Amino acid sequence: MTAIDPVTLSILSGRMEQIADEMDATLFRAAFNPIIAEAHDASHGLYHAQTGDTLVQGKSGLPIFVGVMSFAVKAVIEKAARDGDLQDGDIYIFNDAHIGGTHLSDMRLVRPYFRDGQLFCYLASVGHWHDLGGAVPGNYNPAATDVFQEAFNLPPVKLARAGQINQDIIDILLRNTRLPQSAMGDLNGQLGALDLGVKRMDALLDEYGANTVAEALDALGTRAESLMRAQIQDLPNGRWHAHDYLDNDGINDTPLKINLTLEIADDQMRLDFSGTADQCAGPVNIALPTAVATAYVAIKHMFPDLPANAGVMKPIDVVVPEGSLLAAKFPAPTGGYTETILRMIDVVFAAFAQAAPEMGLANAYGTINALSIAGKRKNGQPWVMFSFYGGGHGASLTGDGLNHGNAPISTATIPPMEILEAAYPVMFRKWALRPDSAGAGTHRGGLGAEYEIEVLEENGAEVFLFGERGRFAPKGACGGGEAALNGFAYEQDDGWHQPPLASKMRGIRLRAGQAVRLQTPGGGGYGTPADRAPDAVARDVARGLISAEAADNTYGPKWRKARG
Amino acid sequence: MTDTNIAKTMVGVDVGGTFTDVFVLDEATGVARVAKVPTTRPDQSGGFLDGIGQQVADLSRIAVVVHGTTAGTNALLERKGAKTGVICTMGLRDVLEMRRRDRPRTWGLRGSFEPVVDRRDRLEVPERTLADGSIHTPVDLDAVRSAAQALLDQGCDAVAILFANAYANNENEAKAAQAVRAIWPNPHVSTSSEILPEIREFERFSTTALNAYLQPEVSGYLGRLETALREGGFDGEFMIVQSNGGVMAVDTACRLPVRTALSGPAAGVIAAGYIAQTAGFDNIITGDMGGTSFDVSLIDGGQSMLAAQTSIDFGMVVRSPMIEITTIGAGGGSIAWVDKGGLLNIGPESAGSNPGPVAYGLGNDRPTVTDANIVLGRIDPDNPIGGKLKRLDVDAAKAAIDTHVGAPLGLDTISAAEAILKVANSRMAGAIRLVSIERGLDPKRFAFMPFGGGGALHTGAMMAEVGMRQAIVPRYPGVTSAMGCVIADMRQDFVQTVNALLNQLDPSALQSFMQDHTDQGMALLDAARSTFEDRIATFLLDMAYVGQTHTVPVPIDVPLKNGRIAPITAAQIDATFDAAYTQTFGRLLPGGVKRVLNLRSAITGIRPKFDLMSLAPTGTGSTAPIAHRKVHFTDGWYDTAIYDRLALPAGTTIAGPAILTQADTTVLVEPHLQARVDGFGNTIVEYKGGHA
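Protein chains in written order, with the working numbering: chain R, 1 to 564; chain H, 565 to 1256.
Hints are supplied without guarantee of correctness; some may be wrong.
Stated by the list, open to error - With a cut-off of at most 30 Å between alpha-carbon atoms, the simulated BS3-like pairs for lysine-lysine come out as follows:
(1) Lys-376/R with Lys-79/R
(2) Lys-376/R with Lys-314/R
(3) Lys-376/R with Lys-329/R
(4) Lys-378/R with Lys-59/R
(5) Lys-199/R with Lys-1252/H
(6) Lys-59/R with Lys-644/H
(7) Lys-986/H with Lys-904/H
(8) Lys-1194/H with Lys-1125/H
(9) Lys-79/R with Lys-378/R
(10) Lys-644/H with Lys-1008/H
(11) Lys-986/H with Lys-739/H
(12) Lys-430/R with Lys-1125/H
(13) Lys-199/R with Lys-257/R
(14) Lys-430/R with Lys-314/R
(15) Lys-1125/H with Lys-199/R
(16) Lys-954/H with Lys-1194/H
(17) Lys-647/H with Lys-59/R
(18) Lys-74/R with Lys-199/R
(19) Lys-647/H with Lys-558/R
(20) Lys-986/H with Lys-1008/H
(21) Lys-561/R with Lys-647/H
(22) Lys-314/R with Lys-74/R
(23) Lys-257/R with Lys-79/R
(24) Lys-329/R with Lys-378/R
(25) Lys-74/R with Lys-329/R
(26) Lys-644/H with Lys-561/R
(27) Lys-59/R with Lys-79/R
(28) Lys-199/R with Lys-986/H
(29) Lys-572/H with Lys-954/H
(30) Lys-647/H with Lys-572/H
(31) Lys-314/R with Lys-904/H
(32) Lys-1252/H with Lys-986/H
(33) Lys-314/R with Lys-329/R
(34) Lys-59/R with Lys-1008/H
(35) Lys-430/R with Lys-647/H
(36) Lys-74/R with Lys-59/R
Honestly, the hints are just simulated from the structure, not real lab data. Because the structure is a prediction, the values reported are computed rather than measured.
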């Protein structure tokens, strides 16, 4: 422990968190594209000068970035060490997902922060840009077999050198996007956020002195570590196993295993993903930084009050096997990384539910269900309706899961049906909860949803889906039951069909008047179903959330005498 | 109303969780009086009438009663509205429950949600309108009637009719509403196109369903109040403050109770803006410190900020323009605690006002922000605010601070109490900074205005932390909301989704929407008994480039002649959009196609303002301290003079350290600050010598 007094530490902790929050707010306000402005698919923070470790991160950015940003900074630290030319006023930019994690849509800006000629820390900004070239507008290409089919790849390079912006880099970027205005707007927003960060850091260091702030940063790391150690210490020692599967990679129809051994020894923890399937052909691979960051996200869902500081990960050893799809090598495609990291989170939840049932959380629906419907209007104008769909959250000791929530790695909301209908020639026949989709339990999971979308355009349309959980259902915890599988069907002249790859399909043609139906999984249940209060079962039956038959089968007939 | 002197008495009443505040203004004599009485529960009309009765013996002398109410908010938060049914489009019964696919908290994935309408009471009928307004399936009125009958049989008091794309064409909804109203036994029938003809089904359905849910409760409450007033001889006009800071007639409030969701706090911000502007401050940030929260609002160039919607609680979205108020969980009752990592935290857990701080002796033993203020001598333990308690238990507060903060951090009692305030102040200042930064405004340009009971204790800290040069404490900070009721203008907001590309827009169709909004708004002004100094119609278009989902508000300046809207052109809209877009984003998109999403109209009747000089000190008061007390400031104990704030004449300057007290407020003047009484009786807190 350093000597800094605890009150100053509390205040500096709040002030630095706020610097990151203000950087978030600056970008959200200035960004052109709605993925940043509305879905807040961006993040900002302060990072360690030597190690790149996360020191402080904003609270309103996307959850997955909380772990992944430090890898962007580490990549820049390595680059600067190789080139030996780090200066005050430099700004690095890149989107390479194999180095920085997540996917190529995320543009990362990293700026060294100097004080009195000395490197003090790094500031970084990441934001999801609307388009970066590649085969598919918006960079979501389910058929990609390498990164070049996904998007333009930029390794860490200097966007600014000693305060001078290099216009060449901007020219290259703008030539490699279908939406240059949007890209320029986002870039300006991110630069503005970094400028604000520098200004706020200057003021903070003027007020408290560089030494005090540096001491506070050390102390916050130590504190995060000791908080995490105290939490782990409260858990029993032991080893627990959990595994789950991805349906397939979109190219070859083979299940892909995600394997976890959780080991707790006193105040240390190991998450060992050995036994996970090898790198695959399709875009469900992820890069090593993404895997480590995902472990962090899963841990933070287990311990929601932990600070966003790398100290949290000190007592945690994350083992990612070489050659596995969790440590894919360049140029493997990573565009579908969301599905893989959701499954990683699921196995972490499943292992914790065994280790510490009282903090157990059943699986959430576990897929983002990226669905696009595309076609041409009568006047030849192309249209693409692209969106992610929701499902149920897992139940816990404290209660039933949430119906129709967003994915654990995101906080994005779904676009309104009426906005979609106004923009595209479709009509939602159904936008509803999906009965019998929740995992049973003392507390049941949240319900998934059912969306049925009819094509109105005379020319018909083509449908693409990238989903998961079509063959392996979200699991319950502590005796709770599985939720329903993801279900996808499409209408043809001879009736309804299901795609051969269950949760993924490409280019199915629909005529006007035909529809697609997406039935999303609910969340898993928590605790033995037989212990569920009969009143609660009767109420769910009366509300039509579970059918009477299913209730009889899962919960027994007791509910029939209860008041709903 | 034969006697004009009598007719000029105006009364503002704000019913809060703990107190009912009454502000009475006799415009003829210029005399203003205030009363503060305990709020009565469950029926708030008791305290309401009691408060007025304390200041006005004869209710027939009152011209106007304006009420800021939390009845609607409380009914929502406590889920005490009516049993409500929904009749909706086939396939969409769960929209209310599915929300926009959000979750209560980012981390932890816990918590679930139940909408105010049970799934059993949400019935579907065959009908469908498409996004372009064409009718895909005509409404099945037999199905509507049997759904309504089923809801009645199930015991519903109110019903909401929620049809897809009803903003684009309300024909199916209107027919259904007519059929339902023919058999529904009371007026509590709401339709989504009447309440909010705006695109986005969840927001429209939620607002409409919550309106239906509140109708029986709020109209019952307001009806009881009005009856009681009338029985007391009141023959004036009864009006209600809306969340947008304007007032509406009581019958409009009964029809649109969802617009009262932030009634009381909105009135407070309106008063704050008026007081500040009159005193020469155009830019202020208000801070209302209550028992559990600190509410921040920003007024820039005399204009308060309006938010398009709010969530009363998770999943309970109300979309109608409302004064933007940002809340953080740092109030007087917020609990100070040390976490496992050795860091001092404030809140979010709060002891509220019951059991309240440790010093209240009502059962809480964990230290609060107020306990720290008490231990440091900043609050007088012998004369607690509110008058509920005789004296405060300083020793108990000290013991709690020692146990829960001092011991774990290795600090003595005083240092621990100072630490609690430092951390609390830092969080409050953080909220102020963020609220301004989110709008791209520099908080240093603003003056701080504390109101509510506790805010003025933290004035100096907010100035220092945020870098503001001055603070203005209103003469009656404890009754700001009640005063705001008397100040607020009469205002009605309207919205209509247009959803047309600018190059395909039919300007005459837009003009007729504007005319319709104007006619409806003016009719409501005509029906009011108030006289208006002026009538103003403002129009905004929500616009964006095609492909963007977020819009820019584009103010359209349209002259109004004899109540008629002048013609508008697409070229005029185009130019105004470019100006608004450039101002927001710095650059235009060359060649981008522009879209008009919504028309928003506001019709405002400007009510005559009362002269704040009528509240000013007489100039003959006393500048002598009424007592002295030891008060702890950062570096030690100071012998501090205590003044009776309301007795100080205009122009008085009191050098810190000092405390100015009045019945419900303590103004803390730190050693490096001074307090100046301005011509209106406001206290201007500033650095000694008048500059930073």
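Taking the hints in turn, this is what the structure says about them:
1. With a C-alpha separation of about 46 Å, the suggested pairing of Lys-376/R with Lys-79/R is violated against the 30 Å cut-off.
2. Distance restraint check for Lys-376/R and Lys-314/R: the Cα-Cα separation of roughly 53 Å exceeds the 30 Å cut-off, and the hinted pair is therefore not satisfied.
3. Using a Cα cut-off of 30 Å, the hinted pair Lys-376/R and Lys-329/R is violated, with the two alpha carbons roughly 38 Å apart.
4. Between Lys-378/R and Lys-59/R the CA atoms are separated by roughly 46 Å; this puts the pair beyond 30 Å, and the hint is violated.
5. For the suggested pair Lys-199/R and Lys-1252/H, the alpha carbons sit about 29 Å apart, so the restraint of at most 30 Å is met.
6. Using a Cα cut-off of 30 Å, the hinted pair Lys-59/R and Lys-644/H is violated, with the two alpha carbons roughly 33 Å apart.
7. The straight-line distance between the Cα atoms of Lys-986/H and Lys-904/H is roughly 20 Å, inside the 30 Å bound, and the hint therefore holds.
8. For the hint linking Lys-1194/H to Lys-1125/H, the alpha-carbon distance of about 65 Å lies beyond 30 Å, and the restraint is violated.
9. Distance check on the hinted pair: Lys-79/R and Lys-378/R sit about 52 Å apart at the alpha-carbon level, beyond 30 Å; violated.
10. Distance check on the hinted pair: Lys-644/H and Lys-1008/H sit about 43 Å apart at the alpha-carbon level, beyond 30 Å; violated.
11. Distance check on the hinted pair: Lys-986/H and Lys-739/H sit about 61 Å apart at the alpha-carbon level, beyond 30 Å; violated.
12. Between Lys-430/R and Lys-1125/H the CA atoms are separated by roughly 47 Å; this puts the pair beyond 30 Å, and the hint is violated.
13. Annotation: proposed proximity of Lys-199/R to Lys-257/R is violated, straight-line Cα distance about 48 Å (limit 30 Å).
14. Pair hint Lys-430/R plus Lys-314/R does not hold up; C-alpha atoms about 48 Å apart against a cutoff of 30 Å.
15. Proposed proximity of Lys-1125/H and Lys-199/R is contradicted: the alpha carbons are some 51 Å apart, above 30 Å.
16. For the suggested pair Lys-954/H and Lys-1194/H, the alpha carbons sit about 21 Å apart, so the restraint of at most 30 Å is met.
17. In summary, the hint linking Lys-647/H to Lys-59/R is not supported, as the alpha carbons are separated by about 38 Å, beyond the 30 Å threshold.
18. Of the supplied pair hints, the one linking Lys-74/R and Lys-199/R holds, its CA atoms being roughly 23 Å apart against a limit of 30 Å.
19. For the given pair, Lys-647/H sits about 28 Å from Lys-558/R by alpha-carbon distance, which is consistent with the 30 Å threshold.
20. Between the alpha carbons of Lys-986/H and Lys-1008/H the distance comes to roughly 20 Å, so the proposed pair stays at or under 30 Å and holds.
21. For the hint linking Lys-561/R to Lys-647/H, the alpha-carbon distance of about 25 Å falls within 30 Å, and the restraint holds.
22. At most 30 Å may separate the alpha-carbon atoms for a hinted pair to count; Lys-314/R and Lys-74/R meet this at roughly 16 Å.
23. Taking the CA atoms of Lys-257/R and Lys-79/R, the gap is near 35 Å; set against the 30 Å cutoff, the hint is violated.
24. Pair hint Lys-329/R plus Lys-378/R does not hold up; C-alpha atoms about 44 Å apart against a cutoff of 30 Å.
25. Between Lys-74/R and Lys-329/R, the direct Cα distance comes to roughly 18 Å. Compliance with the 30 Å bound is thereby established for this hinted pair.
26. Simply put, Lys-644/H and Lys-561/R have alpha-carbon atoms about 28 Å apart, close enough for the 30 Å limit, and the pair holds.
27. In summary, the hint linking Lys-59/R to Lys-79/R is supported, as the alpha carbons are separated by about 28 Å, within the 30 Å threshold.
28. A C-alpha spacing of about 23 Å is found between Lys-199/R and Lys-986/H, which places the hinted pair at or below 30 Å, so the restraint holds.
29. For the hint pairing Lys-572/H with Lys-954/H, the CA-to-CA distance comes to about 39 Å; that exceeds 30 Å, so the pair is violated.
30. Using a Cα cut-off of 30 Å, the hinted pair Lys-647/H and Lys-572/H is violated, with the two alpha carbons roughly 41 Å apart.
31. Taking the CA atoms of Lys-314/R and Lys-904/H, the gap is near 17 Å; set against the 30 Å cutoff, the hint holds.
32. A hinted pair counts as satisfied when its Cα atoms are at most 30 Å apart, and Lys-1252/H with Lys-986/H qualifies at roughly 22 Å.
33. Taking the CA atoms of Lys-314/R and Lys-329/R, the gap is near 26 Å; set against the 30 Å cutoff, the hint holds.
34. For the given pair, Lys-59/R sits about 24 Å from Lys-1008/H by alpha-carbon distance, which is consistent with the 30 Å threshold.
35. For the hint pairing Lys-430/R with Lys-647/H, the CA-to-CA distance comes to about 26 Å; that is within 30 Å, so the pair holds.
36. The hinted pair formed by Lys-74/R and Lys-59/R meets the criterion: a straight-line CA distance of about 21 Å does not exceed 30 Å.
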